[in-house]
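Work out the full structure, taking the sequences as your base and the hints as a guide.
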Amino acid sequence: MKKINYNRELCDFCGTCVSVCPQDAIELSENNLEITDKCTVCMNCVYICPLRALEVKNEG
Amino acid sequence: MKDRYDVIVVGGGPSGSMAAMFAARAGVSVLMLEKDREIGLPVRCAEGVGDKGLRSVVDINPNWIAQKITTVKLISPAGMEVVIGTDEVGYILNRKMFDPGLAELAAQAGSEIITKAYVNGLLLDNNKVTGVRVRTLGREFQVKASIVIGADGVESRVGRWAGIKTWEKLNDMETCAQVTAQNINVQQDAIHLYFSNTRAPKGYLWVFPKGNGLANVGIGISGEASRHKSPFAYLFEFLQTNFPQAAIITTVAGGVPCAREPEKIVANGLMLVGDAARQVNPVSGGGIVTGMIAGKIAGQVAGQAIIDGKTDEKRLAEYARLWQKAEGKKHKVFYKLKEFVYNMSDKDLDDTAKIALQIPQDKRTILQLFKTALVQKPALILEAIKVLT
Ligand SMILES: Cc1cc2nc3c(=O)[nH]c(=O)nc-3n(C[C@H](O)[C@H](O)[C@H](O)COP(=O)(O)OP(=O)(O)OC[C@H]3O[C@@H](n4cnc5c(N)ncnc54)[C@H](O)[C@@H]3O)c2cc1C
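Residue numbers (my numbering), protein chains in the order written: chain A, 1 to 60; chain B, 61 to 449.
Where hints are given, some of them may not hold.
Straight-line C-alpha distance at most 35 Å; calculated DSBU-like pairs for lysine-lysine [claimed, not checked]: (1) B:423 - B:188; (2) B:431 - A:57; (3) B:389 - B:262; (4) B:414 - A:2; (5) B:128 - B:431; (6) B:289 - B:204; (7) B:262 - B:62; (8) A:38 - B:225; (9) B:262 - A:57; (10) B:225 - A:2; (11) B:392 - B:414; (12) B:389 - B:414; (13) B:204 - A:38; (14) B:176 - A:2; (15) B:414 - B:133; (16) A:57 - B:225; (17) B:133 - A:38.
Short, incomplete list of chain B residues facing chain A, as computed with Cβ under 7 Å [claimed, not checked]: (18) 95; (19) 104; (20) 178; (21) 181; (22) 215; (23) 228; (24) 233; (25) 289; (26) 291; (27) 293; (28) 301; (29) 302; (30) 303; (31) 304.
Non-contacting residues of chain A with respect to chain B, defined by C-beta distances greater than 10 Å in every case (computed) [unchecked claim]: (32) 2; (33) 3; (34) 4; (35) 5; (36) 6; (37) 8; (38) 20; (39) 24; (40) 29.
Simulated from the structure, these hints should not be mistaken for lab results. Think of the CB as a built atom: it goes at the ideal place given N, C-alpha and C, for glycine as much as any other residue.
Pasting the structure below:
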C-alpha cells in the first residue's frame, strides 16, 4: 500500500502542503506534522513541498 | 483565558492582529490565538509593502522599517533592466518587529492574546460556528464565541471546518524559497524582480534590499512547475550565477496562494481574512496590506454585528461586500493577468523589455508594458481580452 512519509529533518513547518491537500489530511502544529488516514495519496503535497520533505513510500 | 468571548481570532499574523484591534476598538471582548511560541517568527516573507496601503490601516512605526524603496526594476531573461515609473514609495519591513508591533496594538485596544495555542477544530451548533477547540500547554479547552475570525494563514483550515472549500490546485499556489543574505550589492532603494520562464517558471525571482548589503533573495514558482524541480534548486542556481558572494543569514520556505477567492468568506458566526481567504495579489504574491485591509473591515463589521446582536451569515456578508468594493474587483483582474504573464516565453519577455526601454521612464507603467507585450505577440490578444473584460 502506498503512503506519504514526512521527513522531520527536512520539514520547515511552512504549511504549503496543507493548502493543496484536498482531504484536509494534514495536521500541522508549531513543530510537528502528521499525515492522517484521510490521505488518498494524491501527491499534491509531495509535488509542492519546497524542501522535498514529503515522499511516497510503499508499505506492507 | 475565559470560557467565552464575543470574538475569537485564530492566527496572530498581520490580518489577525488588525481584525482583533478593530473589533476590540468597537468595544467587544476579543481573544487572539497563535499556534507558534512567538508572534512574528519565523518570518516567511520578502517583507515588501506600499506606503499608501499600509498607512490606510495603521500609523507607521519607523522601527518596523528596514529600507525605504523608491524604485521598481523588472529584469528580463537576457538581463535588460526596465525601471517602472512610479511615485509610490514603499518599504522593506522587518516583520520580526512589525508583526509583534501590530499584535501589541491589538492588545492595547483591549484584546487578549495567547501564543503556543493551537486551534484544532471549531465548535458547531446547528450549522453555526460557536467557538473553537484549542490546545495549549498540554491541555485542550473549548472556548465559546459569537464570531470566529479565521486568520490562520496559507495553511488555513478554519474555513474548511465550516464547509468552505479553501484548498488550492497546484497551479494556484506558489511554492517559495528565500534566503536573507549579506553581500548583495544592488541599488539599496530598489526592488528587483527577475522574470524568466526557464529560471523561475510561472513565477519570479526577487531581490528586496534591507540596507547595507543585506537583502531578501527569493523565488516563487507554481506548484505545477515544482513537480519537476524544487524552488530551492532554482534559487541556488540563481545565487550562484548572480550573487556568488552571498552569505546566507536566514533560509526559509513558504507558500503563497495566487488563487481565485473562495466562493464565500463568511458563514454563520464565521469570517475568513488574509491568506486564509486568499486575499493576496495573484501576480505579485503580496498579501500583507490586503490582509490588513480585510482584517480592518472584518474587525469593524464583527464589532458592530455583536453590538446589534446578529452574527448570522447574512449579517456578516457586509464584510464580504465591503471587501469586494475595496479590493475584490482588483483581485479578479490580477488573477487573469497572472495567467497572461505565465504564458510569456523568455523571448516574449525579452522582446517586451526591449520595446519598453524605448518608452520614457515616467510613462513606463505596468499597463503600458502590458500593451507593449500585446503588440509584440498578437496571439496574446485573446488572453488580454480575458484580463480587460
Ligand atoms: C516567501 C514569501 C514571500 C512573501 N513576500 C511578500 C511581500 O514581499 N509582500 C507582501 O505583501 N506579502 C508577501 N508574502 C505574503 C505574506 O507573507 C502573507 O500574505 C501575509 O503574511 C498574510 O498575513 P496573514 O495574517 O493572513 O497570515 P500569516 O502572516 O501567515 O499569519 C497566520 C498565522 O496563523 C497562525 N496559525 C495557523 N494555523 C493556526 C492554528 N490552527 N491555530 C493557531 N494559529 C494558527 C500561524 O502560525 C501564523 O502566525 C510572501 C509570502 C511568502 C511565503
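Comparing the hints with the structure gives:
1. B:423 - B:188: Judged against 35 Å, a Cα distance of about 52 Å means the pair is violated.
2. B:431 - A:57: 49 Å, violated
3. B:389 - B:262: 23 Å, holds
4. B:414 - A:2: 51 Å, violated
5. B:128 - B:431: 30 Å, holds
6. B:289 - B:204: 45 Å, violated
7. B:262 - B:62: 47 Å, violated
8. A:38 - B:225: 16 Å, holds
9. B:262 - A:57: Given that 35 Å is the threshold and the Cα spacing comes to 29 Å, the pair holds.
10. B:225 - A:2: 26 Å, holds
11. B:392 - B:414: Distance of about 29 Å is within 35 Å: holds.
12. B:389 - B:414: 31 Å, holds
13. B:204 - A:38: Holds, because 28 Å separates the two Cα atoms, which is no more than 35 Å.
14. B:176 - A:2: Holds, because 34 Å separates the two Cα atoms, which is no more than 35 Å.
15. B:414 - B:133: 14 Å, holds
16. A:57 - B:225: 28 Å, holds
17. B:133 - A:38: 46 Å, violated
18. 95: 5 Å, holds
19. 104: It holds, given that the least Cβ distance between residue 104 of chain B and chain A is near 6 Å, below 7 Å.
20. 178: 5 Å, holds
21. 181: 11 Å, violated
22. 215: 3 Å, holds
23. 228: 6 Å, holds
24. 233: 6 Å, holds
25. 289: 10 Å, violated
26. 291: Status holds, d = 5 Å.
27. 293: 9 Å, violated
28. 301: 20 Å, violated
29. 302: Since chain A brings no Cβ nearer than about 20 Å to residue 302 of chain B, farther than 7 Å, the hint is violated.
30. 303: 20 Å, violated
31. 304: Because about 22 Å separates residue 304 of chain B from the closest Cβ in chain A, which is outside the 7 Å limit, the hint is violated.
32. 2: 17 Å, holds
33. 3: The assertion about residue 3 of chain A holds, with a minimum of 20 Å to chain B.
34. 4: Answer for residue 4 of chain A: holds, closest chain B Cβ roughly 15 Å.
35. 5: 17 Å, holds
36. 6: 14 Å, holds
37. 8: The claim holds: residue 8 of chain A sits with its nearest Cβ about 14 Å from chain B, beyond 10 Å.
38. 20: 6 Å, violated
39. 24: The assertion about residue 24 of chain A is violated, with a minimum of 5 Å to chain B.
40. 29: 5 Å, violated
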